[in-house]
Amino acid sequence: MDQQHSLISGLEESKQKLEEKLEKLLAFHASSPALFSDIEALDAAIKAGSAQVQNAWDSGQGKFRLLGNDPQWKEEIKDTTFAQDYNVQRP
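For the sequence shown, position 72 (counting from the first letter as 1) is numbered 72 according to our numbering, and the numbering increases by one without interruption.
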């Protein structure tokens, strides 16, 4: 009889842990579309920045010279606060 109660207790504990995981997954599923809502704008900013940087290397000075270039892409990337907005952390 003790063995059965122990087995039932273990199974109930496993069930509870799985239900908690399911709740977290369902909550994530509900919010996940918002994670990538700004991805197109960020992608465009990265591509614009990459295009400008490729032509901005000054080998004589050993640094990038972005003078006169459109800084909008820098602001777009800087304004992206994805990690803070969505509380994303590395595992």
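Errors might be hidden in some of the hints.
List time: in silico DSS-like cross-link candidates among lysine-lysine, alpha-carbon distance up to 25 Å [said to hold, decoys possible]: (1) Lys78 - Lys63; (2) Lys47 - Lys63; (3) Lys63 - Lys74; (4) Lys47 - Lys74.
Label-pair ranges, simulated between beta-carbon atoms [as the list claims (entries may be wrong)]: (5) Gly62 - Glu19: 56 to 62 Å; (6) Asp85 - Leu11: 37 to 43 Å; (7) Glu13 - Ala56: 33 to 39 Å.
Just so you know, the hints here were simulated from the structure itself, not pulled from any lab data. Here a beta-carbon is modelled for each residue, glycine too, at the ideal position from N, C-alpha and C.
Pair hint Lys78 and Lys63, alpha-carbon separation not exceeding 25 Å
Between Lys78 and Lys63 the Cα gap is close to 21 Å, so the pair holds against 25 Å.
Need the status of pair Lys47, Lys63: alpha-carbon distance at most 25 Å?
20 Å, holds
Whether the CB-CB distance between Gly62 and Glu19 falls inside 56 to 62 Å:
Taking Cβ atoms as reference, Gly62 and Glu19 lie about 58 Å apart, which means the hint holds.
Hint check for Leu11 and Asp85 - Cβ pair distance inside 37 to 43 Å
39 Å, holds
Range hint 33 to 39 Å: satisfied by the CB atoms of Glu13 and Ala56?
Because 59 Å falls outside the window, the suggested range is violated.
For the pair supplied as a hint, Lys47 and Lys74, confirm whether the alpha-carbon distance does not exceed 25 Å.
11 Å, holds
Agreement of Lys63 and Lys74 with the hint, judged by alpha carbon distance not exceeding 25 Å:
17 Å, holds
Hint 7 alone, counting from the list given before, is not met by this structure.
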